[in-house]
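Please model the entire structure based on the sequences and the hints provided.
Line by line, the protein sequences are chains G and E. So the first sequence is numbered by the numbering used here: it starts at 1 and just counts up by one. So the second sequence is numbered by the numbering used here: it starts at 1 and just counts up by one.
Calculated directly from the structure, the hints in this document are not laboratory data. One thing to keep in mind: the hints can contain errors.
Below, a sample of chain E positions facing chain G; criterion: calculated Cβ distance under 10 Å [claimed, not checked]:
1. Phe97
2. Ile207
3. Met227
4. Ala270
5. Leu274
Simulated restraints, written as ranges between beta carbons of each label pair [said to hold, decoys possible]:
6. Tyr57(G) with Lys291(E): 42 to 48 Å
7. Asp221(G) with Leu8(E): 45 to 51 Å
8. Asn104(G) with Ser236(E): 41 to 47 Å
9. Asn104(G) with Lys196(E): 28 to 34 Å
10. Tyr57(G) with Ser99(E): 36 to 42 Å
11. Val29(E) with Leu173(G): 33 to 39 Å
12. Ser236(E) with Leu130(G): 33 to 39 Å
The beta carbon of each residue, even a glycine, is placed where N, CA and C say it ideally should be.
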Amino acid sequence: MNKQKEIEELFFKFLSGFATYSLIAILGFIIIIIFVKGFGALSLDMIIKTPKGGYYYGGEGGVLNAIVGSLYIAFGATFIAILIGIPAALYINVHLVRYKRIQNTIRYFLDALWGIPSIVYGAFGFTLMLFLGMNASLLAGIITVAFLITPIIIRTFDEVLSTIPKGLHEASLALGSTRTEMAFKVMFKQGFSGFITAVLLAFGRGIGDAASILFTAGYTDLIPTHLDEPAATLPLAIFFQLSSPIPEVRERAYAAAAILTIIILIISLTARGFSKKYSKSNLK
Amino acid sequence: MILKRVFLNRLSGTWMLITLVIILSLPLVIGIALYLKASPIFESQSLYQLIVSTDWSPCNGNFGFWPFIFSSLYVTVLSFLFAAPICLFAAIYLTQFSSKRLIQLMHPVIDILAGIPSVIYGMWGIIIIVPFVSDVLAPLINIKSSGYSILAGGIVLAVMCIPYMLNMLIETFNTVPIGLKEASLSLGATSWESVKHVVIKKSYPGIISSFGLGIAKAFGETLAVMMVVGNMVQLSFNPFEAGYPLPALIANNYGEMLSIPMYDSALMFAAFILLVVVLVINLVFRYFIHKTQSQ
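Pasting the structure below:
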């Protein structure tokens, strides 16, 4: 009887350990494949040149247009998302702090909003774009991605704000500050690590998402100079070049993927580093 | 001085409230916009017909969504079958058995897995999974397959959903009070027995919810699946055959949808289905989670 127990114990410990280590293996496998394939095709030209004539038949050029386009869209969308998301998160934690029920209901809806697939945001952005009479452009892409990442910013920031002790609110209010001063001078400062994490998370999601900008941002070989011009993006550059029958063009998709992966890795690791560093110095 | 402060307070308070209202009304606005755009299609076909009909010939005005819905469900179920056991066991290991150092290591691993864009997963699928399916798995059971199949879609999707489900499962297991497990251990149970009978039992609602939300996430995933699933309109239970999930339908056809009448309504209807399904799953399971958390 005891023997059987021991075997069961060992078996399941091994199985669950195996599942855990296999996750590390899967991640390593993906990253290695992307980098091995990508670095073979990566050259300086890829990063500093826009596509020249005949690029899509294996001619000269790079994906600078897509890199810049992606950065524009991610920065623009993150900026709008901050303008909408941060006040909303502060409102939940400052003005609604006495109404637990409303707070929870709002969080519940925001969580659900986070789950909406990006293709739906894309279809909605496209509808909105036609409704407003816009063309596929940088601005339309930025707005669509902003919709997508605002719930992420709010919920991530809110998660940190909600851990700030109530005593700090009361102390600040007792000293005669208004709620706004309390929100920005106390809450925002205390939750600064959450702010950085939220922004980086949203930025990473924004730069990597393709389904939402497929309809709205368009695609071009030029670097956009105005908000109403179409913009190329890295995910779409990868996607389009992968479907090419010409091997050299597919190689470039691998290179572009390596660039995008490096950007994402930097963002992920910085976000984690920041949230660690600041959570130590904060009052807890 | 005081007037200015009060004014600022009013102003920013109002702005905060407006932003919150904007964001909370977003799903409603999206739903209404998509529904209005899709509504012309209801005039020619009933809702029931749209969903169960298998005849997809946009040029003749026939829009049967069943092949797409079927593919979506099939890919989602497959991915769930692959991902769920791995997530469950990994979450158990990380919360019950593992060392502190492994947990420290796993945090960035999960973060990065969750952060990798879907197009990268799709590319990885094309490079690795598609040849694996066509050259290794298909010959095993004597089937010819191009590799671009439901099965490949399911595998890629499973990898994408793992970090998402795993995170929620870890959170769930972490909320089980340590005292409960200790009580079970002190009664002479082995640590696996206390996991099986106490930890898992106690977090049953959380596990179900995490799985549900993982399924919702898989159902709406677009690009990665679309790149490996083959995109052919057909109904087949054979996982080595190509499929055509709903999100891929929308993403693939946006260019030509203006030239065929009703086509854009049909695509917006597809988006509407996605929104409703995902939102309903999310609301139901999140309600579950919120209920158990507040108890």
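Hint by hint, here is what the structure shows:
Hint on phenylalanine 97(E) holds. Least Cβ distance to chain G is approximately 6 Å, under the 10 Å limit. Because the closest C-beta pair between isoleucine 207(E) and chain G is about 14 Å apart, greater than 10 Å, the hint is violated. Taken as an interface hint, methionine 227(E) checks out: its beta carbon lies about 7 Å from the nearest beta carbon of chain G, inside 10 Å. Because the closest C-beta pair between alanine 270(E) and chain G is about 8 Å apart, less than 10 Å, the hint holds.
The interface hint given for leucine 274(E) holds, since its Cβ lies 5 Å from the closest Cβ of chain G, which is under the 10 Å cut-off. For the pair tyrosine 57(G) and lysine 291(E), the beta carbons lie near 59 Å from each other, so the given range of 42 to 48 Å is not met. Evaluation of the 45 to 51 Å hint for aspartate 221(G) and leucine 8(E) yields a pass: the beta carbon distance comes to about 47 Å. A hinted range of 41 to 47 Å holds for the C-beta pair asparagine 104(G) and serine 236(E), which are about 45 Å apart.
Remark: the range hint 28 to 34 Å for asparagine 104(G) to lysine 196(E) is upheld by a beta-carbon distance near 32 Å. The given range of 36 to 42 Å is broken by tyrosine 57(G) and serine 99(E), whose C-beta atoms sit roughly 54 Å from each other. For valine 29(E) paired with leucine 173(G), a C-beta distance near 35 Å keeps the hint of 33 to 39 Å intact. Serine 236(E) and leucine 130(G) have their C-beta atoms about 36 Å apart, which keeps the hinted 33 to 39 Å range intact.
Hint check: violations occur at hints 2, 6, 10; the rest are consistent with the structure.
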